[in-house]
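**Student:** Please model the entire structure based on the sequences and the hints provided.
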Amino acid sequence: MTLESVAERHRREEVPQAFSALDDKGRSLELLLPGILTEFKPEIVATVNLVAATVNAQDIVAVCRVAKEDPHLSFDYLMCLCVVDYVEHLQIVYHLYSTTFKHMMVLKANVSLDEPSLPSVMPLWVGADWYEREGHDLFGVVFEGHPNMDPLLLYEGFEGYPGRRDYEMPEYKEW
Amino acid sequence: MVGLNTEGQLDTVQMMVNMGPQHPSTHGVFRMVLWVDGERIVDLEPHIGYLHRGSEKLCEGELYAQIVTLFDRLDYISNLNNEMVFCRAVEKLMGLDVPERAEYIRVILCELNRVASHLLFSGTFGIDAGAMTPIMYAFRDREKIQTMFEAVTGARMMHNYIRIGGVKSDVPDDFPQRMGALLRELKQGIDETDRLLSFSEIFLARTKGIGVIDAETAIAYGMSGPSLRACGVPMDVRKDEPYSVYDRFDFGIPIGEKGDSWDRYYVRVEEMRQSIRIIEQALEQMPDGITITPSRLVLRPPQGEVYVRGENPRGELGVYLVSNGADKPYRVKVRPPSFCNLMAIKELLKGTYIADAVVILGSLDIVLGEVDR
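So the sequence lines, in the order shown, correspond to chains D and V. Residue numbers are given in this note's numbering: position 166 of the first sequence equals residue 166, and the series is strictly consecutive. Residue numbers are given in this note's numbering: position 363 of the second sequence equals residue 363, and the series is strictly consecutive.
Heads up, some of the hints might be wrong.
As the list claims (entries may be wrong) - BS3-like cross-link-like pairs, simulated, lysine-lysine; straight-line CA separation at most 25 Å: (1) V/Lys346 with D/Lys68; (2) D/Lys25 with D/Lys41; (3) D/Lys68 with D/Lys41; (4) V/Lys258 with D/Lys102; (5) V/Lys239 with V/Lys187; (6) D/Lys68 with V/Lys239; (7) D/Lys108 with V/Lys328; (8) V/Lys350 with V/Lys328; (9) D/Lys25 with V/Lys239; (10) V/Lys328 with V/Lys57; (11) D/Lys102 with V/Lys239; (12) D/Lys25 with D/Lys68; (13) V/Lys57 with D/Lys108.
Just so you know, the hints here were simulated from the structure itself, not pulled from any lab data. This structure is a prediction, so every number in the text was calculated from the model and none was measured.
**Tutor:** Structure below.
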């Protein structure tokens, strides 16, 4: 069997899906969320250990405000903000945590690769500051309304977005 | 730029002072631009990224088993804690069970790593505040822990000991005896450092009431770990969402009252004592058995995504892992605790004296390896 045919076989075979096992808090959130977020028409799925809601990128601040201020959710802590490149689009993933109820959820918003922009969540959580700058640095996502979009991790004048899948590493020469 | 004083005092001029990137108090390569008015800090701009190695991008090109070595190099003071969070993420995604003995070995070594990390902190924090002696005591004890790590894992740092599904190999035969002796020495050492530094008049004057942050602001910035607990928020993943075998031990979560530099220091001192309590209980309960679940050499976790949290010495480390069913992860995102703690430096430093800048930065206990990744 040649190498190509092994790779071919892997491609043909259906990739197994991860088994979802939510805990009690996750299950109650799964029941709560559709009701609270109705007006934003979220697409709610359960990942391995958390509930994830995909919403429209332009609605993200409104959804986050509801998530933060709703007495049943009260997500006052932005755990993590990251960008994932799915080749057809970029996905911005927000992991939210509540210090009162100690539960967690995931918010997702898709933006196009050509014009990746969505509103900043800085007014809700100041802690989004560096995460958003990092997202702009490595993936080129523009967070509208962010006060300072200077490079954070890369040096000034760096060209390209090294976080993206299609970024080609420059060839370095020994010197 | 000229600030004129209307109250008949001396006119002052705002001055820009550059601090870092090569500055001994920054514990790495971190740069701050401070605007000072006399001795007061008016504004500041932190600059990070001097140690950016693209760890997250590198993870996309490595096999799952190889990535453990990259996590060693994020927070290079607490390597084992980092390894454990990543391995738990892959185990959760695959539904892989970890043998009980391996869980106990993990917990013992991680808590030992926490003590080593906090010892390094209490020593260097003393230096930041002008006390040169405590670091000698702290390093003496930390060296004993490093020797223990060398005996168990084969390396003083960068252990690559915690593997997906368990640990690399069983502990040496004389592990319980050596640990017993080590814990006795550590307890004594922690007490000595504590007596030497914590309630010293000069140290109190330098740290009490300096760099105060309230709980609400700290939560808004996403601070975690001892820096957040110093504000009086009892947030600890080991209690909130017990992972591994942490639910079987009896231990406390030290919290502070005011959220100043001294609270952030003393929470860590108390945490060392709690860690030793956990290790003692774990040594007692440790069962016999295998130390790793046999799995394939090249792992192919199912398609899906997982977010796993773990309590590191510096705070909460999160790993967001996206898999598409291949032998390499599709995306790995690390949520480093120091990253968020350092973000709050703008809030902490504004309005303080320039002489306190070093103390406040030191009290956050950052490691630039994980800030810049």
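**Student:** Each of the hints needs a verdict: does it hold here or not?
**Tutor:** Tested hints:
1. V/Lys346 with D/Lys68: holds, 24 Å
2. D/Lys25 with D/Lys41: This hinted pair holds, its Cα atoms lying about 22 Å apart.
3. D/Lys68 with D/Lys41: Holds - the C-alpha atoms of D/Lys41 and D/Lys68 are around 18 Å apart, at most 25 Å.
4. V/Lys258 with D/Lys102: holds, 23 Å
5. V/Lys239 with V/Lys187: holds, 23 Å
6. D/Lys68 with V/Lys239: Distance ~23 Å between D/Lys68 and V/Lys239 Cα, so the pair holds.
7. D/Lys108 with V/Lys328: Roughly 23 Å between the alpha carbons, so the hint for D/Lys108 and V/Lys328 holds.
8. V/Lys350 with V/Lys328: It is violated: about 44 Å lies between the C-alpha atoms, which goes past 25 Å.
9. D/Lys25 with V/Lys239: Answer holds: D/Lys25 to V/Lys239 is near 15 Å, not above 25 Å.
10. V/Lys328 with V/Lys57: holds, 12 Å
11. D/Lys102 with V/Lys239: holds, 11 Å
12. D/Lys25 with D/Lys68: The hint holds at about 17 Å.
13. V/Lys57 with D/Lys108: Holds, at about 21 Å.
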